[in-house]
Amino acid sequence: MTTHTGQMFDTEELVINMGPQHPSTHGVLRVVLRLDGEKVVSSDVVIGYLHRGIEKLSENRNWTQIILLTDRMDYVAAATNNVGYCQTVEKLMQIEVPRRARYIRTAICELQRIASHCLWLGTHAMDIGAMTVFLYAFRERELILDLFEEYCGARLTYNSMRIGGLPLDIPVGWDRKVLEFCTIMSEKVDEYEELLTHNRIWLERTRGIGVITAEQAIAIGLSGPPLRGSGVPRDIRKDEPYAAYDEMKFDVPVGTSGDTYDRYLVRLEEFRQSIRIIRQAIQGLPEGPIVGKVPRLIKPPAGETYHAIESPKGEIGYFIVSDGKSTNPYRFRVRPPSFCNLQALPQLIKGHLVADVVALIGSIDVVLGEVDR
Amino acid sequence: MKPAPPSGPTDPAPPAGMAVPAFVSAIEAAIPGSVTQVSYYVGDWAVIVPADKLLEVARFLRDSRETAFDFCSDVTASDWPPRPQRFDVVYCLYSTKHHHRIRLKVRAADGEAVPSVSGIWPAANWLEREVYDLFGVNITGHPDRRRILMPEDWQGFPQRKDYPLEGPGELLMENPLDWLRLKQAREESEIE
Amino acid sequence: MAQSIAFYVLSTFILGFAVLVVTTRNTVHAVLFLVLNFLAVAALYVLLTAQFLAVIQVLVYAGGIVVLYLFVVMLVNLKRPPEDHMAPQRHNWIGFGLSALVLVELGAIIGYGAVAPAGPVGAQTSDLALNNVERVGMLLYTDYLIPFEVASMLLLVAMVGAIILAKREL
Amino acid sequence: MIDTYLIPLVKILFVLNATLIGVTYMVLLERKVIAWVQVRLGPMRVGPYGILQPIADAVKLILKEDITPTRADKWVFTAAPIIVMVPALITFAVIPFGPVVNLFGRQVPLYITDVNVGLLYIVSVASIGVYGIILGGWASNSKFPLLASLRASAQLISYEVAVTMTLVSMIMTAGTLSMVKIVESQYDQHLWFIFVQPVAFVLFFIGGLAETNRAPFDMAEAEQELTGGFHTEYSGMRFALFFLAEYANMIVVSSVATTLFLGGWLAPFPNVGWLSFLGYVPSWMWFLLKTFAFLYVFLWVRATLPRYRYDQLMRLGWKVLIPIAIANVVVTGIVKVLF
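Residue numbers (numbering that gives the first Met the number 0), protein chains in the order written: chain A, 0 to 372; chain B, 0 to 191; chain C, 0 to 169; chain D, 0 to 338.
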């Protein structure tokens, strides 16, 4: 809007505040944009509005109580957080998790990944203006929430893992329902693709927007689908297998150009791969116990470790220090994938238009509960 | 009866006979005097590095072909108040080529400078801001050292072990350290 | 009778708005009064059964050109220091000159109208065989072809010029 | 006396009220249609199937507090919604809902008036509506509305060019500017103009979407980007006026498209003998049906497509629609001269 003829008029940069109350910042994210016309000159991301001090809080909770706190970080993928935390403590205590528990964990993680991606797809499409996809994706997410409700009684914050295994075995008939869901879901993914993948407006809105090369993506610390969208085949499920992923057959989709469209394609393909993994995990579900040999009082020996798993958003890592004396961790630290991915936002949106900012916030898929903890 | 606060992490040395992998042994070989201690626990290798050698080691770890730690997973810290160098600043590194991990550790006293590695791994930018914000570790050479999670005018550093966990709301918000002193004085007077 | 009343009312409006355009301090308000002025003029055209002209007046002036004025007024920062607004004395004589010229012109028109009333035009409008639009079209492409083409040429040049000005690197 | 004053007055009152009611029910229709597309139910609480929802909405909006921001330009802020609403309503003056019919023994035309520049009248009146949007955004004295109003006005002006160029080719085809005569000429030529000018139809439809600020061109109120657009600062009935004007404009565009391309009040294929039973359906009914079909497509598009980005929208307007529209005019002229 402002002219570039230089001497004729003074152009002013317009500073606008996107958020913390803004319909498409996915929570309480605040982005201060410096605009030249509608083009973003520079930006500053302000976070911390949802900081609840979970890390500090955990230092005064015992080891089992913390599982509940991890639910509240990435609240759209609570089960994955649970698994990550439990595995870290298991690693500290050197507990062997039974095979059945590992299979169920795998299935639950992947269900959670689908649910999280459904939410991402819905909100991302909504930001770009395709509002029907939003409700379609939520329709399928609802099915997953029903499955989770049947499994652990909760629909959002599951608290569904225990150190050393699972709190409870799967309900009777649950495995059949999960397989049914897989059948439904694989059709619905095609439906999403029909609405968006070859839609010309969608292509124009996402192709070439927010391009980040593989080197830049690694340097800035992107992980998960945004990193794979840039063509780096890094997936912790493959590289450092945990739970039962080493026994599963699945592919890691990677993009080529590192733009919003590729990140979208990667996530859509992950829907299919997740369905594939769930099928394998449920069909090959071994019999056996669901909890390993866990002492009555969970008190890991003094020591520290860092353990990461692949959450739907990227690498979620836990750095835990135990002093070996008390029943709570000495230091509990989460490496939140959303936080590290969000760091790339200023780099991504620079030079793009305001309308692309919302597309890009959606494209890196942040959950503010996890960013701020 | 509370147990006495621990004076530091265990950092156990690798068990005898355990082969030290190349990416750990290469550091000392390349930069003499850079490794204070090598530790191994539940499968994780950690290396303690003096703060003044940190940048050199970090650059070596990123650029050397056999280490190739191009991905900075995490930067965090832990606080051990009884120790003179109370902070452990921990860098979790990962190599997307070789798929191995290592942890670098730097010990620092309150106010002691720890050089920023954000020039080597841009990913460390926000993570170091968080370490500064929550622990008050004096990260130097950082391009944009501001608080990140806490409000800009926050007093004190919440993740420190001596940060008060309770107190009269507003006073705690505005100046936790004053409250701490007040509380200490009160307790002392009660004892007398 | 009714027509005369309408004419005088409209004329009052036109003159009133015109005065407001030049006296209002707020530039956006001035532009808005200009729009109202144009709309009143369009109404005057309707009164003369020149519907085509009226519609074009609204479409081109009120709906197009003034919108651009509004853009400029809104986007360009006009809040200059007050001393800039105080007209320097040296420009006054231009204003006087122009005003005098307009006055002379108006006088000439009135005088001419008094001498030779515009009879034939009124006679043509009552001719219902051809409607308003068609007559304008016929005139434009026969009697006034050359001015019409020259005007379109001028507009084309202006358009190309505007593009070149706006887009430095072609 | 009755013919010159009373009947037009009654017609004006009737059309005005019908339009306003139609507009409020458009809101319900939109919510319902989009809900059905999205496997939802839509409003269900007020009345059976939510049929009284518009009334409840109207009551709510009228009773709401009407806030004028402190730093807003008070007069302009108040005038803007009115400026948007009035043009949308007065365009209905020239839209023919049906031919001259015999009503209570009188010959009554089912349109308010037949101006010989009807089509241009609609275009010019619609161009006034832009002011409401620009001024609404400017007078709010707030950043997001200003940005949105600039977007909206630039968009409207650009697409006005494309739509007007398209209309030129239609005028050439019909040989008249009068809305009634355009319909009559479709009867005379034995064809709806959609079959004569399919390109113009597509252009007009796309342009119409953009002119009414509808998805996928609803840049001005892209709530995901601009938190609501130029009417962010408006509340209560003034906000509702913006809202209603949008729907009124949709109805205008649909009516114009029906008149121009779908033969207005004519039954399908009025000249085909064995289809003459379609003529038993009243003409105004056909008009409403066709208009409604158009409106449905408007809603359908909104439910399906993502939103264009602002620069892409301008590019589409200037680099695609306008050249095609001009080419269409040239081709129409050539065909007209040759045949």
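Be a bit skeptical, because a hint or two may be false.
Said to hold, decoys possible - Simulated crosslink set (BS3-like; lysine-lysine; CA at most 27 Å straight-line):
1) C:K166 to A:K298
2) D:K73 to D:K63
3) B:K96 to A:K324
4) B:K160 to A:K248
5) C:K166 to A:K176
6) B:K160 to B:K96
7) D:K318 to A:K38
8) A:K298 to B:K182
9) A:K176 to A:K292
10) C:K166 to D:K59
11) B:K160 to B:K182
12) A:K248 to A:K38
13) A:K55 to A:K248
14) D:K318 to D:K335
15) D:K180 to D:K63
16) A:K55 to B:K182
17) D:K180 to D:K318
18) A:K248 to A:K237
19) D:K73 to D:K142
20) A:K248 to A:K298
21) A:K298 to A:K324
22) D:K180 to D:K10
23) A:K237 to B:K96
24) D:K73 to D:K59
25) A:K55 to A:K349
26) A:K38 to D:K73
27) A:K248 to A:K187
28) B:K160 to A:K55
29) A:K55 to A:K38
30) D:K142 to A:K349
Hints are computed from structural coordinates only; laboratory data are not their basis.
Each hint, compared with the structure:
1. C:K166 to A:K298: violated, 70 Å
2. D:K73 to D:K63: Holds, at roughly 18 Å.
3. B:K96 to A:K324: Outside the cut-off at roughly 39 Å; violated.
4. B:K160 to A:K248: violated, 45 Å
5. C:K166 to A:K176: Since the Cα atoms of C:K166 and A:K176 sit roughly 62 Å apart, the hinted pair is violated (cutoff 27 Å).
6. B:K160 to B:K96: Answer violated: B:K160 to B:K96 is near 38 Å, above 27 Å.
7. D:K318 to A:K38: holds, 21 Å
8. A:K298 to B:K182: Given that 27 Å is the threshold and the Cα spacing comes to 31 Å, the pair is violated.
9. A:K176 to A:K292: violated, 30 Å
10. C:K166 to D:K59: The hint is violated at about 50 Å.
11. B:K160 to B:K182: holds, 16 Å
12. A:K248 to A:K38: Judged against 27 Å, a Cα distance of about 45 Å means the pair is violated.
13. A:K55 to A:K248: Not satisfied, since the Cα-Cα distance of roughly 39 Å exceeds 27 Å.
14. D:K318 to D:K335: OK: D:K318 and D:K335 at ~26 Å, within 27 Å.
15. D:K180 to D:K63: violated, 45 Å
16. A:K55 to B:K182: Roughly 21 Å separates the two Cα atoms, so the pair holds.
17. D:K180 to D:K318: violated, 33 Å
18. A:K248 to A:K237: holds, 10 Å
19. D:K73 to D:K142: holds, 17 Å
20. A:K248 to A:K298: violated, 36 Å
21. A:K298 to A:K324: holds, 8 Å
22. D:K180 to D:K10: holds, 20 Å
23. A:K237 to B:K96: Between A:K237 and B:K96 the Cα gap is close to 13 Å, so the pair holds against 27 Å.
24. D:K73 to D:K59: holds, 23 Å
25. A:K55 to A:K349: Answer violated: A:K55 to A:K349 is near 35 Å, above 27 Å.
26. A:K38 to D:K73: violated, 31 Å
27. A:K248 to A:K187: The given pair, whose Cα atoms are some 22 Å apart, holds under the 27 Å limit.
28. B:K160 to A:K55: Answer holds: B:K160 to A:K55 is near 9 Å, not above 27 Å.
29. A:K55 to A:K38: violated, 40 Å
30. D:K142 to A:K349: Holds. D:K142 to A:K349 sits at ~20 Å (cutoff 27 Å).
When the structure is compared with the earlier hints, violations turn up for hints 1, 3, 4, 5, 6, 8, 9, 10, 12, 13, 15, 17, 20, 25, 26, 29 and for no others.
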